[in-house]
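J.: As a plain string of letters, each chain reads:
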Amino acid sequence: MTTTALRGSSASWIRLSLGLASLAGALVASVMALVWAPPDANQGEVQRIMYVHVPSAWTAYLAFAIVFVASAGWLWTRRRIFDAIAVASAEIGVLFTGLALVAGSIWAKPTWGVWWTWEPRLITTAVMFVMYVGYLLLRSLSADVEGRATRAAVIGVVAVVNIPIVHLSVTWMNALHQLPTVLRPDGPAMDGRMLATLIVSVLAFTLICAWLMVARVALETSRQERVLDARGA
Amino acid sequence: MRGAWLVAARELRADARHPDGFATAVTFVAALVLIESIVVGPQVARETTVAPALYWIALLFAAIVVTTRSFDRELADDAIDAVLALPGGRDALYAGKLIALAATIAAVGLVGGVLQIALLDLTLALPGHALVAVALGVIALPAVVIIDVALTLRLRGRAALVPVLAVPALLPQLVAATNALGLALSGDATGSLAWSGLLLAIALVYAVLGLTIAGTAIE
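Line order of the protein sequences matches chains S and H. Going by this note's numbering, the first residue of the first sequence is number 1, and it counts up by one from there. Going by this note's numbering, the first residue of the second sequence is number 1001, and it counts up by one from there.
Looking at chain S on its own, in the form it has when it is part of the complex (with noise of 0.2 Å):
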């Protein structure tokens, strides 16, 4: 991938697909979330917040999973558009783990009595987000693009050890927080159609996810040119 095939005539039909296709996805799902998929027997209505909540954190653990890759791409070739794909999954990251956050909080008040509890899932989640807002707020504070990079590579190799953490922090340590539902060893413990409602919107967010990150990356790389010209210059 160069730095300027984001940015080309096909750049734009792949950006373009990507929306419709988001946009698609976001319907369906939140048609099958909202209407076909049946109310929990416990929980009723508000278990259909789990159709943002964990799609939220599963596309949070993926954007983190190629800030790693690309922080370490970044670190191995120094080619920039390992850097423009790093800050993009991290601020996708953010903006999702904040959604997963919000979503919970909303979950939990009527679900547990409160908006926040001291659980280790919450507080690992809640300890990965200011982590990969030091990593932003690291990457703004620095004027040098080689140097921020570098920098920002760094703390994104090495903050990617919250993922397997935050996921498995619920079988480690006795939580509030339910145990997986649908990663279990002996299969997923779920309605046939609240689980396919689950899959669609995992791959509705995975494709929301992946329209944000071609959109940024193009804007970062143009960003990264400007600046390289305005040295030149």
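If you are wondering where the hints come from, they were derived from the structure by calculation, not from laboratory data. Using N, Cα and C, we set each Cβ at its ideal position, and we do this for glycine too. Careful, some of the hints might be misleading.
One side of the interface only, derived from the structure: several residues of chain H facing chain S at Cβ under 8 Å [as the list claims (entries may be wrong)]:
(1) L1151
(2) T1152
(3) R1156
(4) A1159
(5) L1161
(6) V1164
(7) L1165
(8) L1171
(9) L1174
(10) V1208
(11) L1209
(12) G1215
(13) T1216
(14) A1217
(15) E1219
Covered by chain H, according to a simulated footprint, are these stretches of chain S (three or more residues, beta-carbon under 8 Å) [as the list claims (entries may be wrong)]:
(16) 124–135
(17) 138–150
Residues of chain H clear of chain S, computed beta-carbon distances all greater than 10 Å [said to hold, decoys possible]:
(18) D1020
(19) T1027
(20) V1044
(21) R1046
(22) E1047
(23) T1048
(24) D1091
(25) L1120
(26) I1147
(27) A1160
(28) A1189
(29) L1198
(30) A1207
Based on the hints, put chain H in the right spot on chain S.
T.: Frame of chain S, contents of chain H only:
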């Protein structure tokens, strides 16, 4: 390794000549010990879960103070370039600072611990276990903070950025250290040693990780 010892010895000599970083850290810890009983009340402050937690939070910020001061000293007259020219380069700088700053923070921790025991009238059921917890607990603090200070070395927002980067990364260390010290206070030898074992593992992981990325992180 010789380069690391050279850096450590140089760092400790500089601290002995101008102990402003150490003095600031001790004052900070002492101030926190003094105010904790007023803020949370003397009974709560003495609890074996509260006193160690406040102690380690104070030490974490003390570690940020002494590490920042240490790098400021290097930047003052571009001395860092001379240090990087020593055998071992960036790895030696990281390892040397880790050794010296762990020793300095341990000294700050001992003064802070004595103050806390005296002012809060704490009964230390297992002093040896508490010393083990402090000795192992202080290693991870500079291991992480040195990298964060190095990453933000010439940035204008460093004072705010270092805690933002260091505190989340040190969460496992804070939990393990608080438990190890709390159980030493309450007399649970096995529990304290188990958490101290985890502290050793955390210290090793952070130190190895720090050594791995020091070459990239230190400009």
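J.: State for each hint whether it applies.
T.: For each hint, the structure was consulted:
1. L1151: Check passed: Cβ of L1151 of chain H comes within 5 Å of chain S, closer than 8 Å.
2. T1152: It holds, given that the least Cβ distance between T1152 of chain H and chain S is near 7 Å, below 8 Å.
3. R1156: At about 6 Å, which falls below the 8 Å cut-off, the nearest Cβ of chain S leaves the hint on R1156 of chain H intact, so it holds.
4. A1159: 11 Å, violated
5. L1161: Nearest chain S Cβ about 6 Å off; hint holds.
6. V1164: This hint holds: V1164 of chain H lies near chain S, its Cβ roughly 4 Å from the closest one there, short of 8 Å.
7. L1165: This interface hint holds because 5 Å falls under the 8 Å limit.
8. L1171: Given a least distance of 6 Å, the restraint on L1171 of chain H holds.
9. L1174: Nearest chain S Cβ about 11 Å off; hint violated.
10. V1208: 12 Å, violated
11. L1209: For L1209 of chain H, the interface hint holds, since the closest Cβ of chain S sits about 7 Å away, which is under 8 Å.
12. G1215: This hint is violated: G1215 of chain H lies away from chain S, its Cβ roughly 10 Å from the closest one there, beyond 8 Å.
13. T1216: 6 Å, holds
14. A1217: 5 Å, holds
15. E1219: 7 Å, holds
16. 124–135: Result for this restraint: holds, n = 6.
17. 138–150: Held - the segment 138–150 of chain S has 5 residues with a Cβ nearer than 8 Å to chain H, which meets the minimum of three.
18. D1020: 26 Å, holds
19. T1027: Non-interface label on T1027 of chain H holds, nearest chain S Cβ at 27 Å vs cutoff 10 Å.
20. V1044: 17 Å, holds
21. R1046: Holds, since 22 Å exceeds 10 Å.
22. E1047: 17 Å, holds
23. T1048: Its Cβ never comes within 10 Å of chain S, the nearest being 19 Å, so this holds.
24. D1091: Label holds. Min Cβ-Cβ 15 Å, cutoff 10 Å.
25. L1120: The claim stands: L1120 of chain H keeps its Cβ more than 10 Å from every Cβ of chain S (closest is about 24 Å).
26. I1147: The claim is violated: I1147 of chain H sits with its nearest Cβ about 7 Å from chain S, within 10 Å.
27. A1160: 8 Å, violated
28. A1189: Per Cβ check, A1189 of chain H is outside 10 Å of chain S; nearest 23 Å; holds.
29. L1198: 13 Å, holds
30. A1207: The assertion about A1207 of chain H holds, with a minimum of 13 Å to chain S.
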